[in-house]
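**Student:** Single-letter residue listing:
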Amino acid sequence: MIRILSTARTEFRIALRNRWVAIAMVLMAVFSLVLALAGSAPTGGLGVDRLSVTVASLTSLSVYLIPLLALLMSFDAIAGETERGTLPLLLAYPIARWEILTGKLFAHLAILALAVLLGHGLAAAVTFWSDPTAVNGLSALWRLSWSSVLLGATFLGAGYALSALSRRPSGAAGLAIGLWLGLVVLYDLALLSAIVADNGGWFTTDAFPVALLANPADAFRLFNLTASGATAAAAGVGGAADAIPLWQSLASVLLWPLAALALAIAAFRKVTP
Amino acid sequence: MISTLTISALTKRFGEVAALTGVSLTVAPGERVALLGHNGAGKSTLMKIILGLIPMTSGQVTICDAAPGSAAARRAAAYLPENAAFHPALTGLEMIRHYLTLRGESPSLAMPLLEKVGLAQAARRRIGTYSKGMRQRVGLAQALIGHPRLLVLDEPTSGLDPVSRREFYTLLDDLAAKGASILLSSHALTEVEARTDRIVILSKGQMVAEGSLPELRRRADLPVALHVTARNGYAPDIARALPNAILVDGALHLTCPQSKKLETLGRIAGLGDKVADLEVLPPSLEDLYAHFSQGTAQ
Chain D
568 MIRILSTART EFRIALRNRW VAIAMVLMAV FSLVLALAGS APTGGLGVDR
618 LSVTVASLTS LSVYLIPLLA LLMSFDAIAG ETERGTLPLL LAYPIARWEI
668 LTGKLFAHLA ILALAVLLGH GLAAAVTFWS DPTAVNGLSA LWRLSWSSVL
718 LGATFLGAGY ALSALSRRPS GAAGLAIGLW LGLVVLYDLA LLSAIVADNG
768 GWFTTDAFPV ALLANPADAF RLFNLTASGA TAAAAGVGGA ADAIPLWQSL
818 ASVLLWPLAA LALAIAAFRK VTP
Chain C
76 MISTLTISAL TKRFGEVAAL TGVSLTVAPG ERVALLGHNG AGKSTLMKII
126 LGLIPMTSGQ VTICDAAPGS AAARRAAAYL PENAAFHPAL TGLEMIRHYL
176 TLRGESPSLA MPLLEKVGLA QAARRRIGTY SKGMRQRVGL AQALIGHPRL
226 LVLDEPTSGL DPVSRREFYT LLDDLAAKGA SILLSSHALT EVEARTDRIV
276 ILSKGQMVAE GSLPELRRRA DLPVALHVTA RNGYAPDIAR ALPNAILVDG
326 ALHLTCPQSK KLETLGRIAG LGDKVADLEV LPPSLEDLYA HFSQGTAQ
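Here the protein sequences line up with chains D and C, keeping their order. Heads up: the first sequence begins at 568 in our numbering, then just goes up one per residue. Heads up: the second sequence begins at 76 in our numbering, then just goes up one per residue.
It is possible that some hints are incorrect.
[Stated by the list, open to error] Here are a few chain D residues that sit away from chain C, every Cβ distance over 10 Å (derived from the structure): (1) 684; (2) 716; (3) 746; (4) 818.
[To be verified] Here are the simulated DSBU-like cross-link-like pairs (lysine-lysine), alpha carbons at most 35 Å apart as the crow flies: (5) C:279 to C:335; (6) D:837 to C:349; (7) C:253 to C:207; (8) C:349 to C:336; (9) D:837 to C:279; (10) C:253 to C:279.
[Unchecked claim] Here are some, though not all, of the chain C residues that point toward chain D, as calculated from beta-carbon distances under 10 Å: (11) 128; (12) 153; (13) 165; (14) 173; (15) 176; (16) 179; (17) 182; (18) 184; (19) 196; (20) 199; (21) 205; (22) 207; (23) 209; (24) 250; (25) 251; (26) 253.
Keep in mind the hints are simulated off the structure, nothing from the lab. Ideal Cβ positions, reconstructed from N, Cα and C, are used throughout, including at glycine.
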């Protein structure tokens, strides 16, 4: 355990000096503030407090931003060590490969958690200032916060796996951006076009919910929208949230980080320095 | 005596290419063994197999009775890779504190270690600002952590100036005196000559020679060179007495087989006052190295 913590401390220090901590926090803070301010402009019509509306907007933001930040922090984790030539020495030390990865995960997850807390904290503060009834939305915001961190963990694990597979940081960066585009942007577009083409057939009723749960980003969005009952404020594939029980999207949100970490460890085991 | 490192019939192939073929070697506690060979002879590959970083094709390796790469073997062995590299954003002190923790030692030992390798002044600077020699010292400092039973050092003195090299070998002598086994590779043959107990020569992945320097000399049976300086005017006389000598800058150079060395010395001594000075040059490690590594090339 002490080896994992020392690795985490070292990685956190490196991220701090590479400005990743600052970048993550500024991005989350700016976007959250903009959404909170924009979300508090239109009033009343939805019959919910402003914070709940802001949470729906923040959910959409997190689906894009958290995976991107996680992949940007993680793509260098193993490929970078290989390229710098630091991996052989590290692997000669009495530390298991899963301990190295877990240490890195702790550090990167801490940075994401700090960024999320800062962003959501600012959003909450802004909303409270204009709408005292926003207290009702706090539980939704808290749910969004911890599930955002879990979403980050999933994509950090995926980033480590890509980093181990590609050996070179440039290749790993390409794969990471590809994964982000694929899972976060193109996946939903493909599903939507399939639904349109299917016109209410088998795909829409049976395959579509499974496809949503299989994608960690979609499962995250479903979970938050279903739990807060904010489907009215959602657009696109989020509109399907009513059709899928909460426990299923929750299970996907909880299981994906473990699966991604297992994948990363398996990929790292195959690396020969 | 139980050996720290035992390698028997080790073979490593990368696809069709044989990197190591049938290498057998043991290193006893307190023994310093130098691994010599051209670039690509298999030195680094052998070291990486010993450390469990890459798998072997066949053969057997044990480090203190443990398999390479096992937790016990990794605890027992310290490694200094060729061109040691570290994350440029960390300071030397932070890096060594981390390595100490990984080995289960107290991080507070970092400063004394850095002092030992002469890096105390730069300890709080980022490694990105270090010179190659300074990075090499960080590498040495981490290899000294704890009480490694086996040190595997790949080109440990590259990038170090002559004074630092001497300090480095003094550190190694201390460790060996305390029972650590040392396996190092080097291109600086003269320092290996003076500072190691045994020499192993690898050529194209095969072990072509192994033994102490005197043993290797005896086995190679390379000729001994003799330089005779004549007193003014006597050079022609001496040249007549030593028919196979050649005159170079007023001195007579001749070579003779090991077995004829004493006889030749006797003849030179017989020339009495005509000889001003006599130098006997045994074959150097360079000569031995060239001799043994050419053996397999043919």
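**Student:** Each of the hints needs a verdict: does it hold here or not?
**Tutor:** Okay, the hints, checked on the actual structure:
No Cβ of chain C comes within 10 Å of the Cβ of residue 684 of chain D; the nearest lies about 25 Å off, and the non-interface call holds. No beta-carbon of chain C is positioned within 10 Å of the beta-carbon of residue 716 of chain D; the least distance is around 25 Å. With a closest Cβ-Cβ approach of about 25 Å to chain C, residue 746 of chain D is found to remain outside the 10 Å limit, as its non-interface label requires. With 10 Å as the threshold on Cβ separation, the claim that residue 818 of chain D sits away from chain C holds: the shortest Cβ distance comes to roughly 35 Å.
The hinted pair formed by residue 279 of chain C and residue 335 of chain C meets the criterion: a straight-line CA distance of about 34 Å does not exceed 35 Å. Of the pairs offered as hints, the one joining residue 837 of chain D and residue 349 of chain C is violated, with about 73 Å between alpha carbons and a cut-off of 35 Å exceeded. The straight-line distance between the Cα atoms of residue 253 of chain C and residue 207 of chain C is roughly 29 Å, inside the 35 Å bound, and the hint therefore holds. Restraint check: the Cα-Cα separation between residue 349 of chain C and residue 336 of chain C comes to about 20 Å, which is no more than 35 Å; the hinted pair holds.
With a CA separation close to 27 Å, the supplied pair residue 837 of chain D and residue 279 of chain C stays within the 35 Å bound. Of the supplied pair hints, the one linking residue 253 of chain C and residue 279 of chain C holds, its CA atoms being roughly 34 Å apart against a limit of 35 Å. Interface hint status for residue 128 of chain C: upheld, as the beta-carbon distance to the closest one in chain D is roughly 5 Å, under 10 Å. Taken as an interface hint, residue 153 of chain C checks out: its beta carbon lies about 8 Å from the nearest beta carbon of chain D, inside 10 Å.
Given hint, residue 165 of chain C at the interface with chain D, holds; its Cβ is 7 Å from that chain's nearest Cβ, closer than 10 Å. For the restraint placing residue 173 of chain C at the interface with chain D, the shortest Cβ-Cβ distance is roughly 5 Å, inside the 10 Å limit, so the hint holds. With a cut of 10 Å, the hint placing residue 176 of chain C at the interface with chain D holds, because the nearest CB-to-CB distance is about 4 Å. Checking residue 179 of chain C against chain D: minimum C-beta separation of about 8 Å stays under 10 Å; hint holds.
Annotation: residue 182 of chain C was flagged as interfacial toward chain D, and the flag holds, the nearest CB pair being 8 Å apart, inside 10 Å. With a cut of 10 Å, the hint placing residue 184 of chain C at the interface with chain D is violated, because the nearest CB-to-CB distance is about 14 Å. Taken as an interface hint, residue 196 of chain C does not check out: its beta carbon lies about 21 Å from the nearest beta carbon of chain D, beyond 10 Å. For residue 199 of chain C, the shortest C-beta to C-beta distance to chain D is roughly 13 Å, which exceeds 10 Å, and the interface hint is violated.
Taking 10 Å as the C-beta contact cut-off toward chain D, the hint placing residue 205 of chain C at the interface is violated, the least distance being around 14 Å. With a cut of 10 Å, the hint placing residue 207 of chain C at the interface with chain D is violated, because the nearest CB-to-CB distance is about 13 Å. For residue 209 of chain C, the interface hint is violated, the least distance from its beta-carbon to any beta-carbon of chain D being 16 Å, above 10 Å. Restraint check, residue 250 of chain C versus chain D: the minimum CB separation of about 17 Å is more than 10 Å; hint violated.
For residue 251 of chain C, the interface hint is violated, since its Cβ never comes within 10 Å of a Cβ in chain D; the closest pair sits about 20 Å apart. At a threshold of 10 Å, the smallest CB-CB gap from residue 253 of chain C to chain D is about 20 Å, leaving the interface hint violated.
Checked against the numbered hints given earlier, the structure breaks hints 6, 18, 19, 20, 21, 22, 23, 24, 25, 26 and satisfies all the rest.
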